[in-house]
Every structure is written in structure tokens, then in C-alpha cells.
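Chains as they are written, first to last, in our numbering: chain X, 5 to 890; chain L, 5 to 890.
Wrong hints could be hidden among the right ones.
No distinction is drawn between identical chains; accordingly, a pair holds when it is met within one copy or between any pair of copies.
List time: in silico BS3-like cross-link candidates among lysine-lysine, alpha-carbon distance up to 30 Å [claimed, not checked]:
#, residue 1, residue 2
1, K171, K133
2, K555, K607
3, K831, K820
4, K494, K657
5, K800, K659
6, K320, K365
7, K399, K738
8, K744, K538
9, K828, K881
10, K74, K174
11, K800, K820
12, K659, K494
13, K204, K733
14, K803, K820
Calculated from the structure, these hints are not laboratory results.
Number of protein chains: 2
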Amino acid sequence: MATAKKWVYFFGNKKAEGRAEQKNLLGGKGSNLHEMTRLGIPVPAGFTITTEACIYYTNNKKQYPQGMWKQVEDALAKLEKAMGASFGDPNNPLLVSVRSGARVSMPGMMDTVLNLGLNETSLKGLIAKTQNERFAYDSYRRFIQMFSDVVMGIEKPVFERIIEAKKHEKKVKLDTELTAQDLKDLVELFKRVFKEKTGKDFPQEPKEQLRYAINAVFGSWDNPRAVTYRRLNKIPGDWGTAVNVQAMAYGNMGENSGTGVAFTRDPGTGEKRFFGEYLINAQGEDVVAGVRTPMPIAELKRQMPKIYAELEGIYKRLEKHYRDMQDIEFTIQEGKLYMLQCRVGKRTAAAAVKIAVDLTKEKLISKEEAVLRVSPGQLDQLLHPRVDPTAHPQKIAKGLPASPGAAVGKVVFTAAEAEEMAGKGERVVLVRLETSPEDIGGMHAAQGILTARGGMTSHAAVVARGMGKPCVAGSNDITVYEEHGYFFAKDLKIQRGEYITLDGSTGEVLLGEAKLIQPELSGDFATLMTWADKCRKIGVRANADTPTDAKVTRQFGGEGIGLCRTEHMFFEGDRIEAVREMILAADLDGRRRALAKLLPMQKEDFKGILGIMGNLPVTIRTLDPPLHEFLPKTEEDMRDVSQKTGVPIDRIKAKVDSMHEFNPMLGFRGCRLGLEYPEITEMQAQAIFEAACELRKEGKNPFPEVMIPLVGTLAEFQLQKDIVERVAKETMKKYGVKVKYMIGTMIEIPRACIVAGEIASQAEFFSFGTNDLTQTVLALSRDDAGKFLPGYVDRKIYKEDPFVSIDQEGVGEMMKMGVERGRKVRKDLELGICGEHGGDPASVIFCHQIGLDYVSCSPYRIPVAKLAAAHANLKGKVKVKEMGEK
Amino acid sequence: MATAKKWVYFFGNKKAEGRAEQKNLLGGKGSNLHEMTRLGIPVPAGFTITTEACIYYTNNKKQYPQGMWKQVEDALAKLEKAMGASFGDPNNPLLVSVRSGARVSMPGMMDTVLNLGLNETSLKGLIAKTQNERFAYDSYRRFIQMFSDVVMGIEKPVFERIIEAKKHEKKVKLDTELTAQDLKDLVELFKRVFKEKTGKDFPQEPKEQLRYAINAVFGSWDNPRAVTYRRLNKIPGDWGTAVNVQAMAYGNMGENSGTGVAFTRDPGTGEKRFFGEYLINAQGEDVVAGVRTPMPIAELKRQMPKIYAELEGIYKRLEKHYRDMQDIEFTIQEGKLYMLQCRVGKRTAAAAVKIAVDLTKEKLISKEEAVLRVSPGQLDQLLHPRVDPTAHPQKIAKGLPASPGAAVGKVVFTAAEAEEMAGKGERVVLVRLETSPEDIGGMHAAQGILTARGGMTSHAAVVARGMGKPCVAGSNDITVYEEHGYFFAKDLKIQRGEYITLDGSTGEVLLGEAKLIQPELSGDFATLMTWADKCRKIGVRANADTPTDAKVTRQFGGEGIGLCRTEHMFFEGDRIEAVREMILAADLDGRRRALAKLLPMQKEDFKGILGIMGNLPVTIRTLDPPLHEFLPKTEEDMRDVSQKTGVPIDRIKAKVDSMHEFNPMLGFRGCRLGLEYPEITEMQAQAIFEAACELRKEGKNPFPEVMIPLVGTLAEFQLQKDIVERVAKETMKKYGVKVKYMIGTMIEIPRACIVAGEIASQAEFFSFGTNDLTQTVLALSRDDAGKFLPGYVDRKIYKEDPFVSIDQEGVGEMMKMGVERGRKVRKDLELGICGEHGGDPASVIFCHQIGLDYVSCSPYRIPVAKLAAAHANLKGKVKVKEMGEK
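The task is simple: from the sequences and hints, build the whole structure.
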């Protein structure tokens, strides 16, 4: 056999077997301990057991890999030698900390056991060595406490209650006021608890303690909390965690000892200042656990100026070395400083942006690296008003996060009320069972929308996203009693006029007026976005249905409109009446009359949108939804429509009945409408090209791209294209101008991907409609999946919610097929995506990889998409020093 | 340039430039005229213009290809020489017939113009030559009449009215009683009509007449009737038609002349007897048009024994030469026999079977050829009772042909009524708005089911097909007034108790008791099926849900069950109550209690089915449909369920509401149910394996294949398989026997095809669920497509209804992907299809081609599928003489 595999890496005395780059093998914490040791920074000696050992253990029924334990024993011996102390020694015992450390920091995994190695014998050694009985007993009780909790799973409060009881008995307030004898008593009590809870005596053999601790770290890799965290953060299950075993440094050896955590810059704002806190005479977990209130780090400068100066030198050196803001942990043992950890510090989105820009200005990183330093997913926070998390408002209900951002307002239950109160300058939140087209005015007037029913593609959700208004949809927690003027959030009754706050990014409903943080899109943010723009290849357009949306698109730097859903215009104002008239028309003439009413309205919209977008492309989709979506649903609404249109209510009812569909998603919609009623496509084409020609005559350069939806065969596309092309030519001839335009199709059903070659022979562009493509490829109704999809994601049946991030293995394969087959026939085929995935970072990266020309997303997601696009293009190209964060 | 392309082929004087094999080039009629000429059979000389010329003409704005007209003129000269007569000759004029002739006989295309070449001059020549003024004028008036109708599009009745007027004026009854002068008058009147209708004089130049006629034949290839016919019969539009120009033979030259059509065997029954009819002193179109009543061919033997003997010799020779039953046309001109056409004769399914078997017995064809002689599509006729077409019943409404076969019975409107009357021995037809699970008993009792609402997969349709009962579903023509005891079929009121007849194969509803023809499955049919079985490679199973279905499956020779839908059992009797109890259960315990009630019932079913099927495989699908399908729909039903289950009605309503789905097809169904409620899968597995083990203990060899539906990821399959496997092992252990079984999956969503490799790593078989695969690949709801799908097929957007015949370009591609990826990972993966396409001949052939192991279809379609499977395997293998039919 070849040399035995190396499972254990040693560090100490300014030498280390590992280095920062070995994060995958040694974990984030471990590799940085090795690196700091190499840099000559004071780090207690120790060793790291590799992540590979953990994976072996996980996959092999909790067996260590061959040779690992031997290597641990060897390293232990080396450590004993380095520290001049030995495990369990009655005179000079070696005590160690045991810490987990995966590639990325992962809450939920076993964290830390301190003072391991203590037992009845070594306790005496510790007393002898330190001449500090109180310290020794304090260390022992801490060890038993942590070991019991972290390694054996005995709940913390059990021990805390014993300490509280002791303090009460002794009439003291602080742990530090307990005497050596008190602590000795605690040790006895703790051991008794241990015996009770585990049926075993507290293990006395240090190596046995170590083995237990290693097993606990390894085992914690697969505990439910860790698994959940990994799922949420897309961390593969086969990374494993390393184990760091390190000689103890004591922050609890008196007033010249202490411990602290700090960030090299402000993690909340990104401001360049040393930011942290410390505790005198304490061990690390005291700071984290908030047992005592720590002091701000600035105080240390006053209290221990030499130590502070040394710390300052180290943190600046680390930031320069790692070229990023660091999160550090240190311990001061009797006036000597030890670094216990350094890692790239977590930060808010705002801080991430500022730090990235500042580091670039400080010439520590390049602009490309700065772009890569900000996670696109995080960016969304900055683009909407958000609830100030420090305000801790009361959560009263939860629903679907249907449209991001936060909204505060008084509860109203009808659109009319919303408009009326908003007219008086009041902020309102519209609360409804579900919304319908009649509510558009009220939705506009409201700050946000809350519904009890409906999914992520319900009317409320779709319209709200289009308007950029926060929306929480389909909340099962609420019951709306509109007629009584209140709603229940679980058991809490909220009256009309009471304030609530919606968090459309999380789906939370909060009681009262929460404090909001407004988005800030200039300054560093703008600078970073300029850099991102230069880094990316793939274009970013927005889904925008109205001139207002188009304006937002331009504000956010959209490079065109990738999806303009003409039908959304149909819901507004009295247009819905003309639309209904069209649907209810008994014959072609009747339809034509109603369409003639719609023509000028559509034309005005298109003129507005095309005008705002200048010479940028505007992809306009012809009518798509099932027509019954436009029809009234309740008896009352039908009566209303009957009065307005003069159509007898019986005919309306009969029509509504006859148009009912079992599966409207797979029904009479998309180009199927235009094929059955070519006059609709004709009218829409006329509106588009009259608008464009008029703008052209005004000297502008509009660029419409007409998109036919739900195409599955070449014939469908061809028949619709013929109409659009004829109308385009006729209209341009009539106006005597030429307008640049394209005619293409949405690729949103599997068959379109299969026959993409045929379709590309006639279509100038494809836009992947990944919402519907996901629904069809997965046979999964977005509106109905709520019942089981969360469980599916939990059980890893899908890696992620396929409506949030493209199912690359399934839907993505079909997209690839569409791209390949389409481009084979037409080399310059323009390719885009207009499903809501266009704003999801992972999906944007996928789109970049399969060679799309652009993504299109909600206007408010444009910066997210741009940044993701830059990441996609930079990754693998820019040589970036390994960061502590993924 | 090379030699000019040959557009025109001459035949005459026992020599011919073409032959029978050149059907594609010369058309069916043309190639057979050439062939008969070669055989020395008396055929008037002539020439054929090729189908390629027609296609050129169609594609090139009605221009002849270069050189064609010159070749026509040359052939004409040759014909003049052969006949010793010339075009427009005042003494001995050449007259010709012009007939279309495509590869296959195609009604709707221009048919025949006779006597072309007649004008004022040649008329005189004809008189001079024949010394028969009356004959000459009769020929002339016929020519003008046909030319006007067929070439110029002037409606026939115009001329017929003129003839009638003349006969009335002359007080005669028969055309033959009109004198030469009368006919001369008619000619003048006809010419005047021609002038009035076309604005032009009747063309006098024979070559101009010919050009007109050729153009009319070419043009008729694309007339709407022909296009429709081609669509219905799957004939490509680029085949074109040939034009046959042939010297006239006259059947109207007196009592020693005549014309007739005949079949060499009885086309209705297949009986071996000369079968046809003739008219003395008439031209061919008189027989076809039914102007006079023709005489049976046997009469000719008496009337013209020499001619009859010659004809007998010819027909026997032709049948032997072509080795198939022939359809012939002949003319007798003054005692001389001419053959004008021979082609393979059309026949009923029954005749096709008998003739194929007889010809084999006569050693004219092989068994393989016999199998190929019967069209699988046609066979379905023989498998169900059918309405006797000779009875001409009154059609009163039309709906979807939801389940084939014919049913006669008295109208009833409720299941209870149906059961009650059937109990008294009455035949009833159940007429309902739509059916629901409560109607099962009534559906069983009824002869057939008629519904006003619902598609091809509505409850009525699915259950009826399962029961093999005729069903006409979703008839928009009917309005049901159950409470009043009548329904309207359009404006006709049908009372309870009146007889109606349903034709589930066509979707027609007929008034009264139509005469039915019962299927005959023994004799020649059985013989042919035995031969077919030997010819095919691919297996044929049936979709069978009950022991009754299983019996039918065995009767029809099914080689297993390819789909046993366990949920169909759930609808029967009081099981639905247990199912509802399960759905309404508040928790797992409640569900388990309800499932425990279902277990013995399911077990009994499985035992029944597995028992009947012996050692043949039985593919059992675990629960598939959305659970809300089992819940009551009306307030009344809910109250009923509430009483039976003790669940408060409010909870039932709330449950029904909460389970509502926008797109149930894409919702909470299939394996998604089993993943959320593993206890259901568990119970079903237990029922299957307990049944199988009990049979095994009885010494039988049951072979269940457990099929997980709606799988889209490996994880879904794996999680369900784990349950089934565990239960299988536990049960076999409990019973102490081993049962042969497999666990596989239905491939019915696009993602399953994409990740088929992964799934095959765990699945032992795939069964393509092409119903749902079609719905998802095409984003087409089968229940809703009725509104636009017929239009789609009309406009050739789909070549065929994709729910009837597999959309090979789209769905078929996904299937191929599934097959390839699956077999790559598991070589012996068993592959089948269980969508309703399994009974469609074209789809069976496709399945054979992509390498499936079996198809599964309705038990009643087994013979169709078997025959199609044999065709698939024989085609391209067996050298078959070109047939006259596709």
C-alpha cells in the first residue's frame, strides 16, 4: 500500500501543515488558523481533522477512516510537546478546545467544546499550574456544561437553572461573584445531572472525551438543523466538516484576561472602523451567549492600550492579507493576546456594497472582484423598502411572499375605500379574500395588498409584482369578514382602519406601523452597478406592462422590455368593459366593434411604452390568458356587466359557463386565441405598428418585437406571423415610414423546444417562458403546488422550488434543446428568458451558460439580474483569492 | 440540357409505356390501364399525364411544366393514328374521355369528362361515322353537360331541369325515349345556359377543350372537398393526380351497347361471387349517378352470354394477376367489350377478413400478405355491435365518440331508474348532464351512456370505456331536463321511456331502435388473428380495472394487463364511502382506519384480476387522480356524505373548498399523493401482495408489476418504491412464499423522459402514459381542447388529433428520449405504453419502431392493436405486390 492518507494537519509555533487555500479540506476556520500561524500571528497550537474524514465517517456507519485515530494521537503528542503539557496530567495538564469548521460557516452544527481534557486528576494539575482554584473549577464546570449540552445533547436550561439557584442562594448577581467552593458545588451538581440524563458517569479519560467530541462534530454535520440550513443555502451534503482541536487559551484567568469578537469594518453599514466587543475575565461563549453585557471594543483601547495596539496591528494585517473585511475572535490570557479565529465577515447588503467599493478604492481588490464580493441574492434587500429588523414588530400572520418590499397602512377591505382614503392622503393596505380586475384602482391606491386566497400567480400577486407593490398572498392565517369590517389573523381581530405592515419579501404580516428602511440606489450602489455592467455579457431587460413600468425599467437601467403583457392593460379602467364586450360578442362583427374600441387605448399604451424606451427593444406579447379570466365571476358582477353592455344576464351566465375550463393553464389561450380569432391579433398588431409609426414620424426609433405566445408548432407561429407581418407592412405603408421590428415567439411548452428548429426557420427570436415551461415539463400547476411543493423541497425531491430557480436538470435541459435546435437553423436567433426566473441569480447564471442573449425580470430585480449576470461572466475568468464565504 | 422529362405515357394496341407498379407516377387508374393493355385485355387506347405534372402545376401558379403540352400533342397524334381518327375531324372524329387518377381513389376530385372533342364540326363527323344522329346528339348533350358541370362548375340541376322539361313536354319517361331532334334542342338549350353562366361560347376547338379539362383535373387536386378527404385519410398534399385521356368507347350506341361496374367478390361480405350491375345503352356515369336503375350482373349472362363469358375470363384473370379482389368498369360498344378501369376493390371490414383468408386458402397470397390486407383501423367495426347502415336511422344529435359500439335502449335520467328498469329486463340508455361516481351502478345497468357535458376523459367517458359500454359524451346538441323527464336533442323533445340508439364510435345519437349488427369474432376473424399473432414482435396487453375487464382481456387474447387503475375500483359500491372517509379524515389515524376498510376490498379485486390473468403480467398503478375527484360535488351529495360518515357538513364543504384546484391535471395527484400520504401506497401494496401471496399459496403464479404514476424525479420514484418493496418483502415473509414482481413507473410527464436514465437506475419498467404526456408536451388539456382542437386539425396545425394518434414529432420525440436514456442505463428495461394511443394503429406502429416491448389498450381494441403490431413488423419485410390501396 501507498503512504497512508493524511487525515490530520498540525499547526503551531509559526509553522502549519495547512494553508488558507485548503478550505475544502480543512474547513474555513481550520485553514485560517493554519494561515494565521504561518503569518506569525499568535495562535494557540493545535491540529485539524479533515472534512474528508467527516464524510468517510458519515458514509460508513460512524466509523473513522483507517489511520485517522492514530494520526490524531500523533498530533496530540506533538501538541503536548509543543505546549509542554500532557493530556490528563496531574501537574501540567493539556486542555483543548474542539470546534467544528466546514467550508462555510454553518449555524446548526456542533460548535465548540472548551476545556476538554479536564477530569478529577487534571483538575488538580490545573489548580497546581495556575494557582487559581476558582479558575480551575470554573473551567471544569464550563467543560461539563458544554460537553453535556453540545456532545451529549442535554438541554442547556438544566444547568442554567442550577447556576441561577446557586446565585440566588449566595445572593449574588454575576457568575464572577461565585466562589471556588460555589463552583466546586456546581461541578458536583452538574456531574449528577450528567449521570441522571445519560445513565453514565462523566467520562474521565481525556482521549475518550476527545473521541466523544470528534464524533459529536462529525455527527452534527447531518443533524436536522444543519441539513435544513444547507438546503436553504444550497450547500451540498458531501462537503463535510473539519474538526479543530486546539490548546486552550484562557480569557477567564482574572482581570488581565478577557475575550472578544470584532469585525474589521462595520458589518451593518460597511463603514471603515474597528467594530466589536469584549468581556474581561470570560471565555468566548460568554460573549456570544450574552451572559454578561460586553463592552464596545473602543473601551479596550483605554483598558489595555498595548493589547489594543497589537490587536489593531493584527486586524489591519489580516484585512490586507485576506483583502476583505474580517470577523475575528481573540482571547487575552493574563496580558497575552491570542487569535482564535479569523474569517471573512458576514455583512448586510448595504455593507457588502460599501466595503466592496471601498476596498477597490483602497486598491486592495479590482473592480471585478468588487462585483463578485456582493451576492446578487442579497442585493434585493436594497431595492425595496424593508422592515427595520431592529424594531421587532409583532408577526400576526404569514402568507406567500408574492411581491417583495414592505408596506405600512391602515386596513381597508374594498377598492373603493382604498381609493377614497388614499385620496385623502392616508396610507392604506388592501385586504381581500382575493382580488379581481375590478380592484385594480384600489390596488394602485394602496401601499400593499394582502389576500387570503390565491397563489404566486394569482391576480393579486401578478398585478402587484407588475406594479412593484408589496403583496402577501394566500395567507391561510387570515379570515376576511369584509361585510363586518374586520379580519382575523389567527385569533387576533383586526378592525378596519387599524395599521398593519406587510413584508412582501418574507410573506409576513405585522401588527401596527413598523419602521421601514428606504432603498438607497445612488452612491456606492450606483458605482458597483456601473462596474457590474462592464463585467457582464448577457443583457438585462424588464417585464413591464405599462408606461409606468417602463419608466421604472429605465430608472433601474433595464436595457429593453423583455415582456410586455398586453392583457394586463386590458384590466385597467373601462377597458375591461370593451374586452368583455368583445368576448360576449355573438359574431365577428360584434367582436370587431369591441376591438375597435380597444385599438386606440392599446395604441396609446404602446406609444407610451415605446416612447419611454427610446430605441431599446420592447417585446410585446399578443393576447395570452384564457378569455374567461376577463369575465365577471359573481352574480352581482354579471348583473353589472349586463347593464353596462346590454347583453342579457342569461347570455352572460351561459357564456361564463360554456367558457369554464377544467385546466385553463392547458386550455384555450395563447396563440390559440389568435388562431381562432385572428381579428384580435390583427388589432393588436395594428395598435403596435400605428404607435411605432407615429413615433417614427416624430423622429424616434422605436423597436417593437412582437411575440406570439404558447406556440407548439411551426404552423401556429406561421399563421400568427403572417397576420402581424401583413399589418406591419400595411401600417408602415400607410404612414410612409419604416420601423425596425422583429417577430418571434415565446418558448413555453415542451413541444416548442422539440421543434425549435422548425420554428426558428420563421421566428427571429425566442423568449423562454419558464413559468409555463416549468408547469408543463414538471406537470406542476404553480397555483396548486402550494399543497405539496414545500414538502417536496424539504425532502430534496426538487433541489429548489422550481418556480423560484430554474430546474436545470429538467426544464433547463429542454431550454438547452430549444437553444441548440433553434440556433442550428438560425445562427443569429435572438434568445431571451421572460419567466420570473429571469430575476433569480442562479437562473441568470444558467441562462448565461446556455448562451441566451438576455434575461428579463421584474424592473425591481434588474440590479439583481445585472449583478448575477456579471458573476456568471466573471466566474472562472477573474482569478480571485479564495474568500471565506461562498 | 439532358433529355426532356417525360410527362406523358402512352398506351394502346397491347403496348404501354407504363405499368402497374408506377402508381405513384401514373395514378391508380392510369397505371392499371397501362397494365391491362400490357396483359392484352381490351382497353381503349390513350395516354396518361403524370402526377408530377400536376404537382408542378399546383406549385407554379397553374403553369404546365416545360414540354408537357408538346408531349400531350404528340401523344394525341399517336392516339389519332392508333384510332384512325382525328380531333375535330368532320368525317371521323376522335373523341376522348378525360379522367383524374391519383395514387389512391379520392372522392371529391374532378372525375370524368366524356366525349371530349365534340363540336359543331366533329358532331357531323360522328353522325357520318355512326350513321346514328340520335347517338351523336346524345353524346354531344352529355359532353356539354359534363364539361359545364365538371370543368366549368355550373351546377348539375340546371341541366337536369331542362331535360325534365323536355321529357314532360314530350310526355315521355326515359331519356332513351327522347328523339334525335329532342336532343338537338337540348344541345341548343345547354349551349345557351353555358353562355349565360360563363359569359363565353361553348369552346369549339377540341385542344382548347382538352386544355380546359386537364386544368380542371389538376385544379381539382386542391379543391376543398379533396383537401378535406386527404386530411381525413392521411393522404399527403404533394402526391398530385394524374390525368388519363382515352379514346371513347360507347355504351350508348343502342341495345347491343352498355356499361357496368362490378366487383370480383362481394365487397360487403367477401363472398366469392361476381358482384355488380350494368345498364344497356348507357354511358358509365349513368350507372354511378343512378339515373336509371341498373340490372344485376347475373342478368348480363342471360342478355349477352358471349360478352359475359369474356368478362368472366377477364375478371378472373385480373384477380389472379393482381391477387386481390378487383373493382372493374367496362363498356360494351356494339357488341364489343372494353375494360375502362380495374382497381383493388374497397370492402367492409368483414369482407376484408374473409377475402384475405380465402385468397390465402386459394394460395394466391401468403398468410403475411393476408394479415397486411386488413387495415387495423377498419377492424374496430367488427369488435362492437354497430348500427346497420342500411337502416338509415334518423340522426338527432352529435357528441364525442367517447366509447365505441352501438347501444339501443329506453331513455332514463337517473342511475336508480336505470337499475330498476334493467332489473325488469328492459334495455335502457342513461342520459345525464354529466355522470359522477354515484352513477356507477346505473352505468353498469344501462346499454350505453349519453352526457351533455364533459370531454373524452370525463367520468362518463373513462368509466364507459373501462366497462366497454358505448358512450356519447359532451353532446352540445342536447339539453337535459331530468326533473321534467325529457331532454331536447336540438329542437326535438325526447321523453323518458322513448327509444334512442347511441353510436359511440361516431358520437351519433339516433332516434328509435336502430338495427344493430353483432360482432362475429370466430371463423375467418379468428384465423386471421392467429396469423397476425405469429407475425408481430410487440406484445399486446389491455387496460383493465376489474375482474370483468380481465375476463374480456383474456377473451380478446390480451397478453397481460398493461394498466390496472386502482382508483376505478374506488368508485364502486360503498367503497366510495371508505375513500371519502379517508380523504375527510382529520389525521393519520383516521386515514389508517379508512384505509383498513379499503384493504380487503382492493385485495379481493387484485386477487380476482391476478387470478384470471394466470401467470401473465398485471401492471397495477397506485392511486393517481386528484383526491377531490372522489368528493361529493353538490350540496345534496355533501349532506348525504355527512350523514353516512358523521363528518359535519361544514367540514366537508371546507374540505371540498380547500381541495379545489385550478389545474387538477397538474396538481396534487399521482405519486404526489403517495408521497404526502405514504399510508395509501402502503395499503395498496399490501392489497396487491397479499392477493398475490394467497394465489401463490394456491399454486398459481401471479405476476404483479407495481407502477408508480406521475413520476418526474428519481427521488419520487425511489421513495415510493421503498414502500412497495418493503411491504412486498414483509408480506411474502408473512405468507412464506415468493412472488415474481416488478416495480416500475409510468412515464407521463416531460421531465420523466429527460431524466429517464436516472429513473431507470431504479425502475424495472417504464410504461408511457401518453394521455398525460400529450397533455403536458403540448400544453393541451384533453378536456378543454374540444373548443379549438378540431379547428387545429382542419388547419393542419396538428396532422391528427394528438389524443387519437401519437404526435410523433413532439410527444414521440420525448418518448424516444425516454426509451434511449432508459435503456442506456438498464438494458433489459421493460417498455410499454398504456395511454389510449395503445389501440391506435399508427401509434402501435410507432411504438414498434421505437422499440417498445408491448402496447396496452382497451380490451376491445386488442385485435386492432395486434393487427397493427403485425403490420408494423411485416412492413418493409414481406415483399408484397403493390396494392391498389394504401
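Quiz item: Which of the listed hints are broken here?
Solution: 7, 10, 13
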